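J.: Sequence:
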Amino acid sequence: MEYNFREIEEKWQQSWRESGTYKVETDTSREKYYVLDMFPYPSGAGLHVGHPLGYIASDIFSRYKRLRGFNVLHPMGYDSFGLPAEQYAIQTGQHPAVTTLNNIERYRNQLDRMGFAYDWSREVRTSDPSYYRWTQWIFLKLFGSWYNVASGKAEPIASLISIFSRSGNKGVQAVCDETVSFTADEWNAMEPKEQQLVLLKYRLAFLSETMVNWCPGLGTVLANEEVKDGVSERGGFPVERKKMKQWSMRISAYAERLLEGLDHIDWSESLKEAQRNWIGKSEGAMVRFKLADATPANNNLIEVFTTRPDTIFGVSFITLAPEHELVEHITTPEYAGAVANYVAYAKNRSERERMTDVRKVTGQFTGAYVIHPFTGKNIPVWIGDYVLAGYGTGAVMGVPGHDGRDHAFASHFHLDIIEVVKGGDVSSEAYEAKSGQLVNSDFLNGLEVEDAIQLAIKKITENGFGERKINYRLRDAIFGRQRYWGEPIPVYYIDGIPYPLNESELPLVLPEIDTFLPTPDGDPPLGRAIEWKHNGNYSYELSTMPGWAGSSWYFLRYMDPDNTEAIASAEALDYWKQVDLYLGGSEHATGHLLYVRFWTKFLFDINVIKVDEPAKKLINQGMIQGTSCFVYRINGTNKFVSYGFKDKFITTALHVDVNIVNNNILDIDAFRKWRDEYADAEFELEDGKYICGTEVEKMSKSKWNVVSPDDIIAQYGADCFRMYEMFLGPIEQSKPWNTNGITGVFNFLRKFWKLWFSNGTYNVSDEAPSPSELKILHKTIKKVTEDIERFSFNTSVSSFMICVNELTELKCNKRSILEPLAILIAPFAPHIAEELWSKMGHQQSIVNAQFPIFNQSFLADNEFEYPVSVNGKTRFKITLPLGMTKEQVEESVLGAGEMGKYLNGNAPKKVIVVPGRIVNVVV
RNA sequence: GCGGAUAUGGCGUAAUUGGUAGCCGCGCCAGACUUAGGAUCUGGUGCCGAAAGGCGUGGGGGUUCGAGUCCCUUUAUCCGCACCA
Numbered sequence: 001m002e003y004n005f006r007e008i009e010e011k012w013q014q015s016w017r018e019s020g021t022y023k024v025e026t027d028t029s030r031e032k033y034y035v036l037d038m039f040p041y042p043s044g045a046g047l048h049v050g051h052p053l054g055y056i057a058s059d060i061f062s063r064y065k066r067l068r069g070f071n072v073l074h075p076m077g078y079d080s081f082g083l084p085a086e087q088y089a090i091q092t093g094q095h096p097a098v099t100t101l102n103n104i105e106r107y108r109n110q111l112d113r114m115g116f117a118y119d120w121s122r123e124v125r126t127s128d129p130s131y132y133r134w135t136q137w138i139f140l141k142l143f144g145s146w147y148n149v150a151s152g153k154a155e156p157i158a159s160l161i162s163i164f165s166r167s168g169n170k171g172v173q174a175v176c177d178e179t180v181s182f183t184a185d186e187w188n189a190m191e192p193k194e195q196q197l198v199l200l201k202y203r204l205a206f207l208s209e210t211m212v213n214w215c216p217g218l219g220t221v222l223a224n225e226e227v228k229d230g231v232s233e234r235g236g237f238p239v240e241r242k243k244m245k246q247w248s249m250r251i252s253a254y255a256e257r258l259l260e261g262l263d264h265i266d267w268s269e270s271l272k273e274a275q276r277n278w279i280g281k282s283e284g285a286m287v288r289f290k291l292a293d294a295t296p297a298n299n300n301l302i303e304v305f306t307t308r309p310d311t312i313f314g315v316s317f318i319t320l321a322p323e324h325e326l327v328e329h330i331t332t333p334e335y336a337g338a339v340a341n342y343v344a345y346a347k348n349r350s351e352r353e354r355m356t357d358v359r360k361v362t363g364q365f366t367g368a369y370v371i372h373p374f375t376g377k378n379i380p381v382w383i384g385d386y387v388l389a390g391y392g393t394g395a396v397m398g399v400p401g402h403d404g405r406d407h408a409f410a411s412h413f414h415l416d417i418i419e420v421v422k423g424g425d426v427s428s429e430a431y432e433a434k435s436g437q438l439v440n441s442d443f444l445n446g447l448e449v450e451d452a453i454q455l456a457i458k459k460i461t462e463n464g465f466g467e468r469k470i471n472y473r474l475r476d477a478i479f480g481r482q483r484y485w486g487e488p489i490p491v492y493y494i495d496g497i498p499y500p501l502n503e504s505e506l507p508l509v510l511p512e513i514d515t516f517l518p519t520p521d522g523d524p525p526l527g528r529a530i531e532w533k534h535n536g537n538y539s540y541e542l543s544t545m546p547g548w549a550g551s552s553w554y555f556l557r558y559m560d561p562d563n564t565e566a567i568a569s570a571e572a573l574d575y576w577k578q579v580d581l582y583l584g585g586s587e588h589a590t591g592h593l594l595y596v597r598f599w600t601k602f603l604f605d606i607n608v609i610k611v612d613e614p615a616k617k618l619i620n621q622g623m624i625q626g627t628s629c630f631v632y633r634i635n636g637t638n639k640f641v642s643y644g645f646k647d648k649f650i651t652t653a654l655h656v657d658v659n660i661v662n663n664n665i666l667d668i669d670a671f672r673k674w675r676d677e678y679a680d681a682e683f684e685l686e687d688g689k690y691i692c693g694t695e696v697e698k699m700s701k702s703k704w705n706v707v708s709p710d711d712i713i714a715q716y717g718a719d720c721f722r723m724y725e726m727f728l729g730p731i732e733q734s735k736p737w738n739t740n741g742i743t744g745v746f747n748f749l750r751k752f753w754k755l756w757f758s759n760g761t762y763n764v765s766d767e768a769p770s771p772s773e774l775k776i777l778h779k780t781i782k783k784v785t786e787d788i789e790r791f792s793f794n795t796s797v798s799s800f801m802i803c804v805n806e807l808t809e810l811k812c813n814k815r816s817i818l819e820p821l822a823i824l825i826a827p828f829a830p831h832i833a834e835e836l837w838s839k840m841g842h843q844q845s846i847v848n849a850q851f852p853i854f855n856q857s858f859l860a861d862n863e864f865e866y867p868v869s870v871n872g873k874t875r876f877k878i879t880l881p882l883g884m885t886k887e888q889v890e891e892s893v894l895g896a897g898e899m900g901k902y903l904n905g906n907a908p909k910k911v912i913v914v915p916g917r918i919v920n921v922v923v
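Residue numbers (this note's numbering): 1 to 923.
No lab work stands behind these hints, which were simulated from the structure alone.
DSS-like mimics (lysine-lysine), calculated; alpha carbons at most 30 Å apart, straight line:
{"id": "1", "residue 1": "K153", "residue 2": "K201"}
{"id": "2", "residue 1": "K910", "residue 2": "K886"}
{"id": "3", "residue 1": "K616", "residue 2": "K32"}
{"id": "4", "residue 1": "K617", "residue 2": "K272"}
{"id": "5", "residue 1": "K811", "residue 2": "K775"}
{"id": "6", "residue 1": "K701", "residue 2": "K735"}
{"id": "7", "residue 1": "K153", "residue 2": "K170"}
{"id": "8", "residue 1": "K11", "residue 2": "K811"}
{"id": "9", "residue 1": "K775", "residue 2": "K814"}
{"id": "10", "residue 1": "K242", "residue 2": "K533"}
{"id": "11", "residue 1": "K610", "residue 2": "K201"}
{"id": "12", "residue 1": "K245", "residue 2": "K347"}
{"id": "13", "residue 1": "K616", "residue 2": "K272"}
{"id": "14", "residue 1": "K814", "residue 2": "K779"}
{"id": "15", "residue 1": "K673", "residue 2": "K701"}
{"id": "16", "residue 1": "K458", "residue 2": "K422"}
{"id": "17", "residue 1": "K458", "residue 2": "K434"}
{"id": "18", "residue 1": "K422", "residue 2": "K290"}
{"id": "19", "residue 1": "K272", "residue 2": "K469"}
{"id": "20", "residue 1": "K193", "residue 2": "K243"}
{"id": "21", "residue 1": "K23", "residue 2": "K610"}
Predicted model only: the values in this text are computed from it and were never measured.
Using the sequences and the hints given, assemble the complete structure.
T.: Written out as structure tokens, the structure reads:
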């Protein structure tokens with residue numbers, strides 16, 4: 001009987017589906033293990049060979065854990081709200097729900113063919129009202145909470161209201177927007193509307209006037225991480241900065257906890273580093289400079305943030321961001337025109353330009369001066385677009401001697417450069433190192449930088465010029481998208497004030513609309529749902545939630561996906577707790593993975609869950625890149641030249657479908673048929689062939705380098721595909737896709753299969769195993785177990801190959817060896833394992849078997865060949881029985897005849913014995 | 001500029017704590033069976049050399065009896081962030 005993977009795989013996939021093999025229940029009598037894949041956005045292109053890499057790895061691990069007796073939760077679902085389906089709807093009119101449904105069906109089909117052990121009864125879809133009802137519920141909780149710095153957690157807004165009515169906001173330590181202070185009486189005297197506006201500044205989900213990344217091409221705002229190099233990540237449309245009234249999430253309240261939590265989770269260092277970087281904690285001081293001429297705004301003060309308060313005596317100017325609110329108040333009439341011009345210039349310079357000529361120094365003097373707090377000297381106030389409005393206070397103290405950007409600014413505008421730290425030549429270049437002695441700095445003179453920083457902060461604080469301050473780069477997350485295909489924000493407006501829906505009114509279902517474009521007067525598409533009103537009267541919020549909303553808590557929903565009373569039952573939440581192993585791409589480092597940690601911490605604060613990190617361990621699978629192929633068209637013609645001639649002409653490289661290229665040789669007939677415009681293409685060939693150029697790139701439809709797993713599975717089967725993807729290399733490494741070695745894996749599976757058959761018929765014997773067979777088996781058990789535990793699946797595949805080669809050589813067909821071997825391979829190649837398992841007479845699925853336990857005693861050899869090194873070089877070998885003590889080995893080696901010629905009757909200087917490994921003699 | 005990672009045969013890679021570098025697979029070479037096939041089996045395959053032997057983990061240096069592994073330095077590639085005060 002031949003290895004017929006097609007028949008086997010179809011048979012078992014059907015059997016698993018019908019008998020619910022992978023269904024999991026909450027079972028408190030057993031130890032749980034939760035393995036999660038980052039759920040996919042179901043795109044129209046379907047899966048390519050890169051997607052399953054992580055899914056296969058997590059599947060192997062979850063199957064392994066199950067064989068080890070754990071109650072394993074391993075679910076899958078879809079992040080099914082998103083822009084592409086909506087863009088498609090705009091183009092074709094097809095409802096995004098329909099597009100999404102079709103895509104999901106295709107994904108499911110492809111996933112099923114790979115034999116994954118998902119419990120599909122727990123599937124979630126973020127676009128399903130029964131799911132997003134709870135996303136909206138979490139929004140309401142966030143809306144109804146504020147962050148109390150004193151208790152270090154989120155609290156209900158009611159507690160804040162009661163504080164306000166008792167003692168105003170003076171003693172309240174909250175993370176909030178800037179507010180004026182008020183007393184209890186003032187609070188109680190406020191109109192309800194006014195009170196709501198104040199509360200909005202404290203809520204964790206809040207509405208505010210903020211600078212946003214506006215993308216006219218997509219007609220929506222985008223989050224910082226959705227903007228790359230000044231254009232939108234999806235679609236590549238230009239993005240501009242714009243002030244808009246927007247929903248945001250006060251993630252900044254959690255900055256410190258998000259940072260601190262990284263120390264307690266087992267995530268890759270590079271990923272943690274990326275998050276630390278994104279949070280961007282810096283310690284320093286807030287310093288206030290008094291304006292020389294009185295200005296009504298802001299108590300006559302300019303606040304700056306600095307990490308180098310020690311250089312306070314080196315300040316020779318102050319720079320404000322052009323958008324800084326004080327600019328218009330402090331500018332003197334003499335400079336008003338120039339300042340207005342500069343502000344306009346900076347505003348029109350797009351994000352992209354700002355990024356591309358970072359080093360271009362521009363700025364403008366305002367005519368205003370501040371007074372140096374210690375020296376009393378007048379210091380000019382400038383504006384410059386190297387200062388960012390969004391970071392710190394939007395103002396910096398210019399210390400040209402010790403900051404490169406300030407130095408460039410001062411040099412360009414001929415401002416004073418004062419040396420205050422010794423160690424460099426400040427006339428030519430800023431000395432930025434945090435070491436050296438302070439000079440020209442009054443009470444700081446002679447101190448080292450570290451000490452000077454401390455003393456400077458002390459003096460600044462004592463004199464009321466400022467205080468110690470920790471600043472974070474992390475910005476609050478914009479939460480509204482002016483799009484249709486997302487969760488409606490469960491809020492309605494009365495008189496411009498947002499009010500939350502009642503929990504009982506959820507879900508607020510997305511209304512049907514006829515066109516998915518903004519309304520003629522510029523409202524988001526939801527503005528087209530004219531009848532859609534709260535109580536028939538009040539307008540709902542017209543923006544929807546961003547893509548990350550639904551994915552920020554989905555790991556919890558899998559625990560109890562059909563619950564209609566809560567996000568999940570307390571029982572399920574208590575049992576499954578958090579994800580033990582999370583697998584996904586590193587591209588989510590500063591997006592999804594930060595937001596999901598944020599929401600987890602929030603849900604922890606409000607006692608919905610008992611853990612405050614979503615995933616204990618996280619592995620980033622590498623990306624499988626595609627190999628793009630190129631043809632070279634001579635410009636202005638329909639003539640294509642082979643790779644070797646491309647530099648002889650002026651050519652344009654064009655992507656060509658990799659499926660019509662074989663070994664870099666273009667199938668010319670297929671190319672002519674590929675597109676009408678190429679039907680009469682002409683070619684210049686090399687040796688009668690058209691050679692394509694290649695490049696390794698991200699696999700993508702637009703690059704025509706997508707390889708679908710379907711073709712591979714059709715040719716070699718899912719088991720082979722799974723093992724081959726693992727065999728390619730370490731899971732975390734990115735690598736270009738190629739099928740060069742797949743025949744090796746396929747041959748292995750056939751050899752493996754043949755162990756159970758002689759001359760084509762099933763033949764397994766009940767004979768007792770020999771010591772050498774047991775040794776092979778246990779060597780493999782040991783290796784594979786260790787490999788799986790450390791996620792080194794490529795080496796496990798190698799171990800299986802060695803094992804099968806050795807057993808084939810021994811013609812071993814003994815049940816006592818083959819049975820454990822089948823279990824061992826089951827996580828990797830579940831179909832073939834299941835088939836052989838049932839051939840051996842088992843009624844129950846192999847997934848319920850027990851993973852074989854390694855037994856050291858079968859490995860023991862009775863002798864070992866020691867390589868004997870003399871002065872580090874291996875000179876000869878000596879065979880000794882195992883189990884000798886260090887001293888016995890040493891004695892035997894020194895007594896060996898060959899040792900004599902190195903010793904010449906002298907005693908060795910030193911003998912190093914590593915039992916069972918090596919002996920080294922130093923002479 | 002800052003941060004992170006990687007570097008081993010022709011190729012993908014392996015080498016738990018420093019202990020015989022190159023497992024396994026691909027490719028290649030030779031042979032067998034067969035006959036024109038991208039099939040199967042057997043043997044070989046880091047480099048130089050006829051051999052003895054020598055050299056070998058991006059380069060240079062160090063620690064050690066012994067370094068792919070530890071330390072310093074340098075180069076290249078990839079990824080993330082980037083006027084963050």
